[in-house]
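Colleague: The listed protein sequences correspond, in order, to chains A and B.
If you're matching positions, the first sequence starts at 1 in our numbering and goes up one per residue.
If you're matching positions, the second sequence starts at 487 in our numbering and goes up one per residue.
Don't take every hint at face value.
Said to hold, decoys possible - DSS-like mimics (lysine-lysine), calculated; alpha carbons at most 25 angstroms apart, straight line: (1) 84(A) - 60(A); (2) 191(A) - 687(B); (3) 67(A) - 586(B); (4) 687(B) - 6(A); (5) 189(A) - 792(B); (6) 500(B) - 75(A); (7) 189(A) - 586(B); (8) 792(B) - 39(A).
Claimed, not checked - A short, non-exhaustive set of chain B residues, derived as facing chain A with CB atoms under 7 angstroms: (9) 842; (10) 849; (11) 851; (12) 853; (13) 860; (14) 863; (15) 864; (16) 883; (17) 896; (18) 897.
Everything labelled a hint here was simulated from the structure, so no lab data went into it.
Every residue gets a Cβ at the ideal spot worked out from N, C-alpha and C, and that includes glycine.
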Amino acid sequence: MNSPIKRIAVACLAMFALLMVNVNYLQAVRAEELSSDAKDRRNFFERYAVQRGRITAGGKVILAQSKETNDPNFKFVREYPEGKLYAHVTGFFSPESADAIEASKNKLLDGSSTDLLLRRSIDLFTGEPTRGANVDLTIDPRAQEAAHEALGKSGKRGALVALNPKTGAILAMVSLPTYEPAELSGTDKGKVFTRYDQLAKDKGQPLLNRTIRQTYAPGSTFKVVTAAAFLEDDDSRGPTTTVEAPQRLPLPGTTISLPNYGGAACGAGQVPLVFALEKSCNTPFGDIGIKLGYDKMREQTEKFGMGLDLEVPMTVEKSDFGKEEDKAALAMSAIGQRSVRMTPLQMAMIAAGIANDGTVMKPYLVNKITDSKGDSIEEAEPDELTEAVSPETAAKLREMMVSVVNNGTANLAQIPGVQVGGKTGTAETSDGKPPHAWFISFAPANDPKIAVAVIVESGAARVGAEATGGGTAAPIAKQVMEAVLR
Amino acid sequence: MTDVTDSPVPMPAKRRVAQLGMLAFAVGIVMFAYANVGLAVDGQVPAGMLTYGLGLGGLMLVAYLVLARFAPWADPLILPLVTLINGLGLVMIYRLSVAKSDLPSATLASPTSQLMWTFFGIALFTVTLVFLRDHRALQRLTYTAGAAGLLLLVSPLIPFLGQEINGARIWIGIPGLGQLQPAEFAKLALVVFFAGYLVAKRDVLALAGRRLLFIDLPRARDLGPILITWGISLGVLVLQKDLGSSLLMFGTFIAMLYIATQRTSWVLIGILLFVGGAILAGMVFNHVQERFEVYLNPEDPELFFKVGGSGQLMEGLFALGNGGILGTGLGQGHPELIPLAFSDFIFPATGEELGLTGLMALLMVYALLVERGLRTSLAARDPFSKLLAGGLSFLLAWQLFIIVGGVTNLIPLTGLVTPFMSQGGSALLANWILIALLVRTSDAARQPPPQAIQNEGMTQVFQR
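All chains, please: the whole structure from these sequences, using the hints.
Modeller: Right, here's the structure in full:
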């Protein structure tokens with residue numbers, strides 16, 4: 001009987017070998033995949049096991065912090081003392097996901113980043129629990145509050161971005177409507193998910209950060225880019241260069257023609273460039289666009305940073321000039337209609353680039369990251385993104401944009417004692433709603449400290465003598481600039 | 487002059503001191519693990535540590551003394567190996583009970599009752615050793631054992647006595663004592679029956695028949711026993727919805743049939759019958775089909791969230807994934823998240839906290855135990871002992887394969903206890919008896935054969 005027993009022994013060993021191989025496969029090969037499965041409740045507990053770092057603005061205002069609880073499964077819960085005001089900046093920290101800074105800087109906030117290896121090793125020896133790093137943002141609370149209040153008063157959906165033109169630091173980032181981050185950050189999964197579903201289905205899209213994740217037709221604000229391309233094309237051109245300004249611009253290859261806003265005339269048919277920008281005439285810029293051609297126009301938009309991959313650290317939707325079509329389409333694109341699509345951040349970068357002698361700085365939101373003991377992990381270093389125009393062209397554009405505020409459509413953006421440069425815009429929407437009101441600006445013109453882009457969705461009155469971006473959007477930008485300059 | 491007892495095969499030694507050392511080592515590991523849990527969970531050595539340590543140590547000392555007195559030649563490794571597994575099971579159950587959670591895996595884990603059953607288990611072990619001085623006596627009880635096994639197996643079906651828990655009707659209620667799982671004892675009785683029966687019939691089963699291709703086919707009328715076992719297994723499956731026991735019993739019978747007859751054809755017939763039965767069961771019973779779907783697509787979200795779906799299997803796999811190579815450390819994971827972590831799923835629960843390293847060691851200990859059992863079978867001198875030891879060892883290995891393979895998704899999941907680790911009195915008692923039988927057989931096998939009595943005086947050896 002011994003030989004079958006030996007074979008049974010071999011079979012038993014084979015069974016053990018199979019079990020061992022399988023356990024190796026699960027715990028060594030598939031361990032990472034299995035342990036990161038969202039269905040695993042450990043990941044849910046772990047999210048609340050570590051004291052996450054604080055998120056602050058301007059080094060002092062606390063936007064998000066973790067508070068200790070008595071619940072053994074959820075040791076720390078997230079608090080957002082400023083509530084809705086910074087929702088799109090901080091994001092939320094829900095049982096299974098996170099958004100904005102809470103997501104982009106998650107590994108630093110929860111202490112798992114390799115950048116914190118040294119800190120963790122020290123803590124291990126001193127017996128201190130792991131704590132996440134603190135993230136300080138570039139947001140200027142004064143600008144953020146002013147923006148939220150002013151935009152909120154309009155009662156409309158909209159977005160506002162303010163930049164420091166010299167560094168690219170984001171000073172304000174407001175998108176309305178917004179939400180309460182604490183409601184999406186609780187430990188009660190059912191409650192959080194129900195609320196999330198409600199918000200996700202809301203027509204106003206409160207979860208959408210319009211400043212970086214939504215693109216709009218820029219309308220007349222884009223004329224600044226067309227003007228930039230025009231000036232760059234020939235150094236001898238300037239604000240006083242005469243441009244064609246017919247009442248209607250015939251669009252080549254079609255039977256239709258491009259009118260000015262409200263069908264009005266633009267001077268006497270031939271006007272200085274600065275006058276065309278002040279009055280936001282359509283025909284001169286349509287004409288310039290056709291004459292420069294698609295390639296030069298597109299090149300200029302790219303020089304302002306359009307189409308580049310941007311992370312602030314949240315990923316920014318790409319702005320785009322649109323595909324090459326016929327000349328009629330090009331004329332429409334040159335005045336910011338047709339297929340041009342811009343994020344509010346991109347518009348703010350254009351204003352900032354002009355303010356900063358033609359250099360567009362890379363926008364960023366994180367100022368400084370320090371570990372739990374205050375030692376610096378990472379500090380923002382301003383970085384040039386592109387050279388949009390020459391310093392000379394930038395000076396000419398600034399002069400004209402100041403004139404737009406002082407003598408043109410944007411008089412509501414004037415700040416006593418400060419030279420403000422700006423450009424209004426009214427972007428037609430295709431679905432028959434009132435057009436969007438745009439405004440981009442910078443101040444002070446001689447030593448720019450802030451550049452702003454604001455859009456009020458469907459914020460422009462349908463009829464009006466004043467170009468409408470100036471009516472609704474300009475005062476909002478003015479309040480934000482004042483808050484910072486004061 | 488040479489020593490007449492000198493033989494070319496080295497005789498087994500008693501190795502009693504080594505056994506005591508290893509036993510102390512096993513108890514030491516268990517106590518270390520126990521302290522580990524307390525330190526991780528509360529920051530201090532558990533209050534009951536001394537009682538537990540002295541209790542387990544004392545129990546093992548008694549078992550050792552009984553073994554040394556009544557089965558001195560027994561394999562020295564068997565008892566320490568079982569002690570280590572039983573102790574680690576106790577630690578895991580204790581660890582689950584101190585989890586700060588109100589999940590059933592934490593609230594239903596009861597280390598005190600498990601310790602009590604361990605005590606009774608070891609008591610039964612010693613009683614068996616003391617009173618069963620020759621395991622061959624069991625051969626005379628072949629048919630009694632068969633009848634008892636069958637009766638135990640069907641007892642849960644008896645109205646008023648049987649109880650259905652978690653969808654399987656495998657329990658009987660004993661007033662004042664709680665529930666008992668008779669199948670655990672039935673498997674022992676059936677192995678005894680199979681061994682006795684096959685010793686009697688092996689010649690007929692092994693020799694008669696004709697050859698077809700490479701296989702010796704048995705005669706049709708000799709198919710009786712295998713068909714009856716198959717039928718009973720299916721009956722267990724159908725009436726009690728107990729996939730695990732059904733598979734366990736049938737597989738063990740086939741293995742023993744193979745040991746007795748040395749004919750591969752029986753194994754092939756067994757596999758064919760099993761596959762047929764499985765397909766049949768899959769067609770007729772939803773729960774068999776569901777198990778198979780879960781086996782193929784455990785990660786399907788729909789199955790995951792379905793009641794009775796892949797949820798518990800995946801929870802076990804998550805635990806293993808979180809454990810990784812080194813484990814979270816005892817008391818530092820979340821094994822209480824696995825449903826039934828104290829019984830069917832104690833293996834992945836252990837894997838989370840002790841990691842791949844711990845599970846490999848644990849599987850190694852089980853493998854050693856099984857191989858010591860099979861060595862006993864090899865060394866045994868009579869067919870009944872060979873079959874008994876071989877059958878019991880295979881039963882252990884097969885049971886472990888079914889449940890561990892099931893919870894690690896190697897094979898479809900069928901409920902069975904993990905021997906010596908899962909919480910539950912019946913299994914612990916039955917398995918300690920199983921070990922007593924192995925020890926008894928091993929003692930007989932390793933004993934030096936009685937010396938021939940030489941009446942003619944010393945043999946003269948002449949040197950040339």
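Colleague: Take the hints in turn and mark each one as holding or not.
Modeller: Structure-based check of all given hints:
1. 84(A) - 60(A): Measuring from Cα to Cα gives roughly 18 angstroms; hence the hint holds.
2. 191(A) - 687(B): The hint is violated at about 68 angstroms.
3. 67(A) - 586(B): Given that 25 angstroms is the threshold and the Cα spacing comes to 20 angstroms, the pair holds.
4. 687(B) - 6(A): 21 angstroms, holds
5. 189(A) - 792(B): 18 angstroms, holds
6. 500(B) - 75(A): 56 angstroms, violated
7. 189(A) - 586(B): 20 angstroms, holds
8. 792(B) - 39(A): Distance of about 13 angstroms is within 25 angstroms: holds.
9. 842: For residue 842(B), the interface hint holds, since the closest Cβ of chain A sits about 4 angstroms away, which is under 7 angstroms.
10. 849: Since the shortest Cβ distance to chain A is 6 angstroms, the answer is holds.
11. 851: Nearest chain A Cβ about 11 angstroms off; hint violated.
12. 853: 4 angstroms, holds
13. 860: 4 angstroms, holds
14. 863: 5 angstroms, holds
15. 864: 5 angstroms, holds
16. 883: 4 angstroms, holds
17. 896: 5 angstroms, holds
18. 897: Violated, because the Cβ-Cβ distance from residue 897(B) to chain A comes to roughly 9 angstroms (cut-off 7 angstroms).
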